[in-house]
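Visitor: One line per chain: the protein sequences are D and W, in this order. Under this note's numbering, residue 428 is the last one in the first sequence; the count climbs by one each step, no gaps. Under this note's numbering, residue 481 is the last one in the second sequence; the count climbs by one each step, no gaps.
Do not take every clue at face value.
In the BS3-like style, the derived pairs of lysine-lysine whose C-alpha atoms are separated by at most 30 Å in a straight line are [what the hints assert, rightly or not]: (1) 430/W - 116/D; (2) 25/D - 135/W; (3) 117/D - 430/W; (4) 160/D - 117/D; (5) 314/W - 197/W; (6) 334/W - 418/W; (7) 117/D - 250/W; (8) 280/D - 159/D; (9) 418/W - 319/W; (10) 294/W - 319/W; (11) 294/W - 25/D; (12) 330/W - 207/D; (13) 346/D - 270/D; (14) 160/D - 190/D; (15) 478/W - 117/D; (16) 210/D - 294/W; (17) 334/W - 146/D; (18) 135/W - 34/W; (19) 135/W - 117/D; (20) 337/D - 123/W; (21) 403/W - 210/D; (22) 294/W - 358/W; (23) 468/W - 207/D; (24) 458/W - 207/D; (25) 25/D - 358/W; (26) 25/D - 469/W; (27) 116/D - 468/W; (28) 207/D - 481/W; (29) 35/W - 116/D; (30) 478/W - 25/D; (31) 250/W - 403/W; (32) 99/W - 25/D.
What the hints contain is simulated information worked out from the structure, not anything from laboratory work.
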Amino acid sequence: MSEILENPHGNCSLGGANAALTAIKRVIPIYHSGPGCCLQTTAGEASQGSVRLPYYVQYTSLPCTNMLERDVVLGGVDKLDRHIAAALEILDADAFFILTGCTAGIIGDDVQSVAKKYQNLGAPVYAVNSAGFLGESCRGYEIAIKALLDNIVEPKPQKKNTKLVNLLGVMPYHDPYWEGNLEEITRLLKLMNLKVNTFFSHDQGIKEIKSSSSAALNIILSPWLLKSAAQEYEERFGIPSLRWHCMPLGATETAAFLTAVGAALGLEDKAKKVIAAEEKYLYRYLETGIGVQNWRRFSVVGDASTVISMTRFLANDYSFTPDCVIVTDCVFRPDDKERITDALTKLEYSRPPEIFFTGDQWEINNTLARFDQTMLLIASTNEHEFAMSRGLQFFVAAYPNSERLIYNRTAAGYRGALTLLEDIYSNL
Amino acid sequence: MKNIYSGIREQRRDTDTFTDWGGGSIDASERFPKKCLGRADRVFSQGLQCRQTNSVMALLSMEDSVFVLHSPLGCTGCCCMANDWFRVGQLHRGNYAMKNARVIVTNLDNRDIILGGEEKLRKAIRLAYTRYQPKMIFVFTSCSSGIIGDDIEAVVAEVSEEIPSIVVPVHCEGFKSKICASGYDSAFLAFSQYILKDAPKGETENDLLNLFAPPTVSYIDQTEIERILGDIGIRVNYIPFYSSLEKIRKIPNARASSAICKVFADEFMKELYEKYGIPYSHTIMPIGTRNTDKWLLGIAALFDKTAQAQEYIKEEYTKVRPLVEELKSKLSGKRVFICGGTGRSFAAAALIDDFDMKLVGMETPVYDNDTQSDLEYLNRLYGNFTLDIANMMPYEQVNLLSKLKPDVFIGVPVWAAKLGIPTTHILDIKRPTMGYRNLVYLGNKILYQIENPGFNKKIAAHARLPYKKSWYDEDAFKYIK
């Protein structure tokens with residue numbers, strides 16, 4: 001059962017599904033929902049990661065049936081049907097996804113049949129059961145990936161492309177750094193002569209998603225998301241998954257990650273070369289900044305991937321000391337919690353932080369308050385209040401973020417290590 | 001028996017209300033009195049804004065309050081936005097130890113939808129109390145809680161007996177209205193039914209004005225408004241933005257009421273008049289000299305200060321006249337398209353006449369009695385222009401813009417900018433817009449943005465709108481049926 005939450009660190013499944021789908025080139029969701037869901041989910045999810053907005057449809061330009069009382073009573077299927085017919089006349093898209101909100105979900109409108117009707121006419125219209133009460137935005141991200149698997153991914157790929165990998169597990173617009181991070185990891189994988197499907201970053205679209213079933217490897221950059229999708233790729237297409245427990249950041253983590261990718265694809269030597277060259281680049285800069293930044297004891301609050309990534313980088317590569325780490329995702333499987341805990345505690349030299357799982361603001365603030373030695377807090381806008389009340393150095397790196405505009409800034413790989421150190425630099 | 005207003009603007013008894021229509025402004029003003037605008041709907045629409053969003057926006061900055069949303073997580077989206085305004089608003093008010101609004105969501109899930117969410121709501125209200133001991137706990141309903149039929153009133157009544165906080169249900173299910181301003185009404189209905197209740201009139205404070213202001217009024221605008229009224233000897237009870245239980249309780253003591261936005265507290269002010277005999281002024285938003293004059297004179301009349309206000313207006317006008325003249329010389333003849341909420345769009349439409357600009361098109365969410373009087377005024381100023389009764393509907397907007405080719409677009413810039421049209425806005429939640437002194441900022445902003453459209457011109461070469469080329473040749477109102 002879901003928890004009562006104060007100042008939640010996520011939106012609903014509709015918000016998550018929408019943020020993911022609107023990050024795909026030329027894809028348009030059609031909301032079959034109440035009259036506020038387009039705005040609520042854009043304000044609460046798609047714009048709360050990096051402040052900017054999905055490029056194609058956003059806020060009140062999302063098509064929506066705006067279900068009213070009579071639709072709730074009489075059903076909204078006809079209204080939806082008319083909206084799709086008009087959408088196909090007006091809108092230019094490679095695919096339309098009908099997203100159901102709570103209203104349609106509760107009254108049980110048969111949106112699948114409406115979608116089928118248009119599919120039979122050759123129109124790329126797909127139905128997705130994404131009602132908000134199904135869960136948090138991370139659930140919505142998984143629902144979106146499942147919708148792509150069901151409807152877009154080529155069901156019978158002709159042949160394997162041994163150089164193609166799918167890079168998954170990063171939630172578009174929810175993760176403030178999502179696009180810059182995908183760019184940095186893609187850059188590194190390309191150096192290993194790989195072709196990378198990210199589905200969501202700028203020039204990727206339906207074509208790349210289709211081809212994902214012929215990939216040689218799925219790389220999932222999250223300690224717990226997409227368990228079922230990974231299974232489905234494996235079972236239907238024989239594509240194994242490399243689950244990496246976070247967004248790789250810094251020399252140690254990125255080297256381990258690239259080595260693992262190399263091992264999975266028989267590209268060990270290539271990986272070694274890339275690592276050597278990139279480390280040279282990174283440390284040429286780092287040696288010009290020795291001693292410029294004082295040591296910090298730090299705490300991190302955010303989604304699982306972000307907190308692991310920040311903790312491991314600052315502890316393993318920068319000799320900062322982790323204090324308290326709070327995971328705000330609604331992680332429910334015990335083995336996922338264990339994987340997250342392992343990633344946060346098995347550090348190279350550093351002592352491990354204490355780890356907590358909660359997305360409730362009251363609990364977060366009260367937990368943080370017990371760590372009075374913390375000097376630097378890396379968290380979300382929600383924790384800004386706490387940081388100010390304690391005079392902590394504060395840096396936003398997780399959802400929700402309403403104070404930093406982030407385009408292609410990265411907190412991944414080698415370049416992201418430098419950017420992050422620039423960002424948290426303080427001479428106070 | 002007296003008719004109690006439901007808080008749904010479509011159901012107001014003293015006016016017809018239309019939300020879907022497009023055509024010529026003169027035609028509209030001739031049809032409306034004959035009830036000939038038709039009860040049309042759109043067979044294709046884009047997202048509206050729900051009334052829960054407006055209820056939350058109206059109340060989220062109340063002091064000493066906790067806000068319980070009885071909903072799935074997604075309905076807290078509006079809290080992200082309103083919390084940002086609240087936090088920035090604190091900084092602007094000099095409170096550097098800024099706080100979050102305390103939002104507790106029941107996080108309704110699959111199981112609650114089937115079995116009911118009342119127990120969770122009970123828990124959430126108790127939690128709000130044990131954590132913060134607030135004076136008020138506002139409980140917002142949602143589409144989900146409404147459809148599954150949770151008995152909010154019963155839960156509130158029950159928990160109210162256990163805790164000293166005033167628990168205030170705000171009935172704001174999104175699916176009940178197309179007009180988001182209904183959410184403002186829900187908030188004020190909650191004030192009157194759960195906070196004021198049968199509070200007596202009390203002793204009238206003769207210089208006190210209830211000033212109802214939406215959350216979209218920046219702090220610098222608030223101070224300008226308070227300055228203007230203060231200068232003619234009127235004190236302000238500013239509600240509900242950054243307001244408090246004490247201020248709400250003071251409402252019956254005021255001599256008169258007014259609002260900064262036309263669709264804000266209008267029904268509530270009527271109620272205050274009926275219940276307490278408090279007169280009110282309902283004019284226009286104080287944006288631009290002429291609107292501010294009208295707005296101020298409306299209030300001054302209720303305090304027997306008309307002559308004083310007229311004198312004051314003269315003084316203020318002498319100060320801003322050079323600016324208005326300068327703007328006029330640069331902006332004269334520019335063709336303008338406006339898209340905004342009811343209050344702002346009409347204020348903007350009247351404002352641009354100060355600068356001798358010409359209105360060619362306008363989108364406004366609702367057509368009712370107020371619209372009729374505003375529109376008759378605009379028709380006299382500009383003659384016929386294109387009127388779209390729409391809450392944005394960007395697909396109609398881009399179609400109209402591509403045909404009307406205005407020199408400037410006033411409104412949310414996302415879509416007009418992609419067409420390369422210079423854009424500006426009079427909705428600036430964090431910066432100056434209103435009254436006399438802030439006209440300097442507003443006027444310069446409009447002028448500078450129009451004279452330097454570089455960003456829009458350049459981005460138009462790269463940006464992508466989702467509409468087919470053929471759509472731009474169609475009738476913009478094709479889908480209003």
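Visitor: If a hint holds in the structure, say so; if it doesn't, say that too.
Guide: These are the hints, each one checked on the structure:
no., hint, result
1, 430/W - 116/D, "47 Å, violated"
2, 25/D - 135/W, "49 Å, violated"
3, 117/D - 430/W, "48 Å, violated"
4, 160/D - 117/D, "33 Å, violated"
5, 314/W - 197/W, "42 Å, violated"
6, 334/W - 418/W, "20 Å, holds"
7, 117/D - 250/W, "59 Å, violated"
8, 280/D - 159/D, "38 Å, violated"
9, 418/W - 319/W, "38 Å, violated"
10, 294/W - 319/W, "18 Å, holds"
11, 294/W - 25/D, "49 Å, violated"
12, 330/W - 207/D, "50 Å, violated"
13, 346/D - 270/D, "27 Å, holds"
14, 160/D - 190/D, "18 Å, holds"
15, 478/W - 117/D, "24 Å, holds"
16, 210/D - 294/W, "61 Å, violated"
17, 334/W - 146/D, "51 Å, violated"
18, 135/W - 34/W, "49 Å, violated"
19, 135/W - 117/D, "54 Å, violated"
20, 337/D - 123/W, "27 Å, holds"
21, 403/W - 210/D, "38 Å, violated"
22, 294/W - 358/W, "21 Å, holds"
23, 468/W - 207/D, "21 Å, holds"
24, 458/W - 207/D, "29 Å, holds"
25, 25/D - 358/W, "39 Å, violated"
26, 25/D - 469/W, "18 Å, holds"
27, 116/D - 468/W, "23 Å, holds"
28, 207/D - 481/W, "37 Å, violated"
29, 35/W - 116/D, "41 Å, violated"
30, 478/W - 25/D, "28 Å, holds"
31, 250/W - 403/W, "51 Å, violated"
32, 99/W - 25/D, "38 Å, violated"
Violation of the numbered hints given earlier is confined to hints 1, 2, 3, 4, 5, 7, 8, 9, 11, 12, 16, 17, 18, 19, 21, 25, 28, 29, 31, 32; the remaining hints are satisfied by the structure.
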